[in-house]
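*Asks:* What follows is each chain in one-letter form.
2 protein chains.
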Amino acid sequence: MKKGCPYGTHRVIEPKGVLPQPALKISNDMEIYDNEILIDVQTLNIDSASFTQIKEEANGDLEKIKEIMLNIVETKGKHQNPVTGSGGMLIGTVEQIGPAMEGKTNLKVGDKIATLVSLSLTPLRIDHIKEIRKDIDQVDIEGKAILFESGIYAVIPEDLPENLVLSVLDVAGAPAQTAKLVRPGHTVVIIGGTGKSGMLCLYEAKKRAGVTGKVICVDYSEKNLERAKSANLADAYIAADATDAVGLMEKIKAATNGEMADIVINCVNIPNTEMGSILSAKNDGLVYFFSMATSFTKASLGAEGVGQDTTMMMGNGYTKGHGEIALQIMRESEVLNRMYQELYA
Amino acid sequence: MKKGCPYGTHRVIEPKGVLPQPALKISNDMEIYDNEILIDVQTLNIDSASFTQIKEEANGDLEKIKEIMLNIVETKGKHQNPVTGSGGMLIGTVEQIGPAMEGKTNLKVGDKIATLVSLSLTPLRIDHIKEIRKDIDQVDIEGKAILFESGIYAVIPEDLPENLVLSVLDVAGAPAQTAKLVRPGHTVVIIGGTGKSGMLCLYEAKKRAGVTGKVICVDYSEKNLERAKSANLADAYIAADATDAVGLMEKIKAATNGEMADIVINCVNIPNTEMGSILSAKNDGLVYFFSMATSFTKASLGAEGVGQDTTMMMGNGYTKGHGEIALQIMRESEVLNRMYQELYA
Numbered sequence: 001m002k003k004g005c006p007y008g009t010h011r012v013i014e015p016k017g018v019l020p021q022p023a024l025k026i027s028n029d030m031e032i033y034d035n036e037i038l039i040d041v042q043t044l045n046i047d048s049a050s051f052t053q054i055k056e057e058a059n060g061d062l063e064k065i066k067e068i069m070l071n072i073v074e075t076k077g078k079h080q081n082p083v084t085g086s087g088g089m090l091i092g093t094v095e096q097i098g099p100a101m102e103g104k105t106n107l108k109v110g111d112k113i114a115t116l117v118s119l120s121l122t123p124l125r126i127d128h129i130k131e132i133r134k135d136i137d138q139v140d141i142e143g144k145a146i147l148f149e150s151g152i153y154a155v156i157p158e159d160l161p162e163n164l165v166l167s168v169l170d171v172a173g174a175p176a177q178t179a180k181l182v183r184p185g186h187t188v189v190i191i192g193g194t195g196k197s198g199m200l201c202l203y204e205a206k207k208r209a210g211v212t213g214k215v216i217c218v219d220y221s222e223k224n225l226e227r228a229k230s231a232n233l234a235d236a237y238i239a240a241d242a243t244d245a246v247g248l249m250e251k252i253k254a255a256t257n258g259e260m261a262d263i264v265i266n267c268v269n270i271p272n273t274e275m276g277s278i279l280s281a282k283n284d285g286l287v288y289f290f291s292m293a294t295s296f297t298k299a300s301l302g303a304e305g306v307g308q309d310t311t312m313m314m315g316n317g318y319t320k321g322h323g324e325i326a327l328q329i330m331r332e333s334e335v336l337n338r339m340y341q342e343l344y345a
Numbered sequence: 001m002k003k004g005c006p007y008g009t010h011r012v013i014e015p016k017g018v019l020p021q022p023a024l025k026i027s028n029d030m031e032i033y034d035n036e037i038l039i040d041v042q043t044l045n046i047d048s049a050s051f052t053q054i055k056e057e058a059n060g061d062l063e064k065i066k067e068i069m070l071n072i073v074e075t076k077g078k079h080q081n082p083v084t085g086s087g088g089m090l091i092g093t094v095e096q097i098g099p100a101m102e103g104k105t106n107l108k109v110g111d112k113i114a115t116l117v118s119l120s121l122t123p124l125r126i127d128h129i130k131e132i133r134k135d136i137d138q139v140d141i142e143g144k145a146i147l148f149e150s151g152i153y154a155v156i157p158e159d160l161p162e163n164l165v166l167s168v169l170d171v172a173g174a175p176a177q178t179a180k181l182v183r184p185g186h187t188v189v190i191i192g193g194t195g196k197s198g199m200l201c202l203y204e205a206k207k208r209a210g211v212t213g214k215v216i217c218v219d220y221s222e223k224n225l226e227r228a229k230s231a232n233l234a235d236a237y238i239a240a241d242a243t244d245a246v247g248l249m250e251k252i253k254a255a256t257n258g259e260m261a262d263i264v265i266n267c268v269n270i271p272n273t274e275m276g277s278i279l280s281a282k283n284d285g286l287v288y289f290f291s292m293a294t295s296f297t298k299a300s301l302g303a304e305g306v307g308q309d310t311t312m313m314m315g316n317g318y319t320k321g322h323g324e325i326a327l328q329i330m331r332e333s334e335v336l337n338r339m340y341q342e343l344y345a
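So the protein lines, in turn, are chains X and S.
Residue 1 is where the first sequence starts when you use my numbering, and the numbers rise one by one after that.
Residue 1 is where the second sequence starts when you use my numbering, and the numbers rise one by one after that.
These are computed hints drawn from the structure, not numbers from a lab.
As the structure is a prediction and not an experimental result, all values here were calculated from the model.
Please note: incorrect hints may appear among the correct ones.
Identical copies go unnamed one by one, so any copy, or any two together, can satisfy a pair.
[As the list claims (entries may be wrong)] Simulated crosslink set (SDA-like; lysine to any residue; CA at most 20 Å straight-line):
#  : residue 1 : residue 2
1  : Lys3      : Ala49
2  : Lys180    : Thr311
3  : Lys104    : Met260
4  : Lys298    : Ile270
5  : Lys320    : Asn283
6  : Lys282    : Met313
7  : Lys25     : Asp140
8  : Lys298    : Gly17
9  : Lys223    : Pro82
10 : Lys282    : Gly321
11 : Lys223    : Pro22
12 : Lys251    : Cys5
13 : Lys104    : Asn283
14 : Lys207    : Asp235
15 : Lys196    : Glu222
16 : Lys104    : Asp284
17 : Lys320    : Asp284
18 : Lys180    : Asp284
19 : Lys16     : Gly247
20 : Lys196    : Ala254
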């Protein structure tokens, strides 16, 4: 059996020397290397931006969608949308585990897992497309996929509905990072706190900051703020436009007696919220940017421009145990469990 | 006397509600608000990208350069290049200090300072352009400028040459942040370690990591690596292309007995070095991105894609005492002092 690189570079066909994600074509030969895991795929959960593009290109026609998807995988060896560059995730059953993975993984053959690495780097073979659920971006297939040694995954638990698990795992990084950063007594601001990742962050922040801390939920939508309030997710709720940096700062100042936040977590997917985030934090506070709309230079030069000694962290979708941390919220909080089933499952 | 906002928003003319940096036009009326500092300007140190653009537009003609510069300040109230968006810094003498700044600053009238906030947000009036030093982007003027309450600056010390001070202050954030992050025993990789900010980072990293640590200098240029070696700035020197992520990882692996780095500091101003930086760090290591060419999404999605639990920090050009930390290096290290005078002063 051939020895593989932990990052899957052994499967890159072109261009040589890059990692599987930026690669134009990778091998989807389903004979595994010694450190790979073979998955019998059940469902692809296509990235929302990618699936929207495919549906538009196909004018909503199911047969045409199938054709486009099969063509992507045929060309690239992975389901990476050539227009959006994005992938998605998959659910399937472990079929074979490379011998070099012994002692490195707790997985066993027959486990049902969701891969938490992007489809944009996952070797995939589609034998047959069985069903397309257009409204929730899910596609049931017959096919196989490969998980690299460095690939992350979560075992699907039996006590939670599968669709709920999928939608929570999709944003698992944010609450897990929140859990690791927030300490008792912290003042925490969550910008975009009423969204899918925001509410999970609120829950973890409140749990970790505790009775001596203060968790502030910021969102643009009054209606969504009411929803978060009804679930008692925060200590204060502020309706604000995060792109209005000074306006947001004034509101946070009023809500914190001028102290500002120890930690600001940005979960809002619109541009130009960097300065509002920085000015909401204490001079030596920390801002965690989860938003993919974050501009590196706007944050970096912006903090310098206002002389703030802010620690600015870039969101990492992965942290150890993030899947378990996020799923645990669905067990602990009845109200969030119900809300996420209604909204996202 | 009118009361000002710490961030200078009181001077924004258009559009209303934004901070001075993104503003199209700010007031350069030199009657100060209660929390402002008036500076009698001696020299503008125009940002290199900006000055290159101006020189090109003027075909190198001195009178035309003057005209372009005067026009920028006339239009915007600040020297923010409309093409590059960038500014620069200035040197001058403190002429007046607003009464609200009492107890908030150690400055006194007559102090010679360099402002460390960008000219792209600094109210400036140019009365007369005296001399243009085209090759080092410096312009001597008669004029005035305003420093906001949040504005950062450094007092020019008397024991170091002024041009040396300027060039070191220009990159002061990087070594100061390095000093704050590196602990005894750390393995530290500095990518782009032979550049202007890189060598200062090497010096601070070696000082803080100490005899139990290991500092590795990575650079593309063999010639520059020899120069760093001659100054004994690191414990190991590696010639590598940081855009070749896997290649760089293999070299760092060899240099660290497979342990990888606790801290990676990226000082290289070229794109696509995010993955190389991430893969050079331990799974739970820290990467500090100083490079303005850093892509937020490439770093963020890249770390997740390879399942690395990396802490990724965005470079903040300001941290408390950064000017003093950087200038102290020029006093402590005779060899760096000499080298920086030759190369950058």
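*Asks:* With reference to the structure, classify each hint as holding or not holding.
*Replies:* Now the hints, each set against the structure:
In this assembly of identical chains, Lys3 and Ala49 lie within 20 Å of each other by CA distance neither inside one copy nor across copies; the values are 35 Å within and 48 Å between. Proximity of Lys180 to Thr311 under the C-alpha cut-off of 20 Å is found in both arrangements, the shortest distances being 15 Å within a copy and 11 Å between copies. For the identical chains of this complex, Lys104 and Met260 are inter-copy neighbours only, at 19 Å across copies versus 44 Å inside a copy, given an alpha-carbon limit of 20 Å. Taking the shortest alpha-carbon separations for Lys298 and Ile270, both the intra-copy value of 13 Å and the inter-copy value of 18 Å come in at or below 20 Å.
With identical chains, the CA atoms of Lys320 and Asn283 are at most 20 Å apart between copies only, with a shortest distance of 10 Å across copies and 29 Å within one. In this homomeric assembly, Lys282 and Met313 come within 20 Å of each other (Cα to Cα) both inside a single copy, at 15 Å, and across copies, at 17 Å. Proximity of Lys25 and Asp140 under a CA criterion of 20 Å is satisfied in neither setting, with 23 Å inside one chain copy and 56 Å between copies. In this assembly of identical chains, the alpha carbons of Lys298 and Gly17 lie at most 20 Å apart only when taken from different copies (17 Å versus 32 Å within one copy).
Neither within a single protomer nor between protomers do Lys223 and Pro82 lie at most 20 Å apart by alpha-carbon distance, with minima of 37 Å and 41 Å respectively. For a Cα distance limit of 20 Å, the shortest separation of Lys282 from Gly321 across copies, 17 Å, qualifies, whereas the shortest one inside one copy, 29 Å, does not. Taking identical chains as interchangeable, the C-alpha atoms of Lys223 and Pro22 are never at most 20 Å apart, the minima being 40 Å within one chain and 31 Å between chains. Taking the closest pair of Cα atoms, Lys251 and Cys5 come within 20 Å of each other only across two copies (15 Å); inside a single copy the shortest separation is 50 Å, beyond that limit.
Taking the closest pair of Cα atoms, Lys104 and Asn283 come within 20 Å of each other only across two copies (15 Å); inside a single copy the shortest separation is 42 Å, beyond that limit. Taking the shortest alpha-carbon separations for Lys207 and Asp235, only the intra-copy value of 12 Å comes in at or below 20 Å, while the best inter-copy value is 44 Å. Proximity of Lys196 to Glu222 under the C-alpha cut-off of 20 Å is restricted to the intra-copy arrangement: shortest distance 16 Å within a copy versus 49 Å between copies. In this homomeric assembly, Lys104 and Asp284 come within 20 Å of each other (Cα to Cα) only across copies, at 17 Å, whereas the closest approach inside a single copy is 39 Å.
When the C-alpha separation of Lys320 and Asp284 is checked against a cutoff of 20 Å, the pair qualifies only between copies, where the shortest distance is 9 Å, while the shortest distance within a copy is 26 Å. Taking CA atoms no more than 20 Å apart as the test, Lys180 paired with Asp284 passes in both settings, with 18 Å inside one copy and 13 Å between copies. Taking identical chains as interchangeable, the C-alpha atoms of Lys16 and Gly247 lie at most 20 Å apart only when they sit on different chains, with a minimum of 12 Å there against 50 Å within one chain. Taking identical chains as interchangeable, the C-alpha atoms of Lys196 and Ala254 are never at most 20 Å apart, the minima being 27 Å within one chain and 43 Å between chains.
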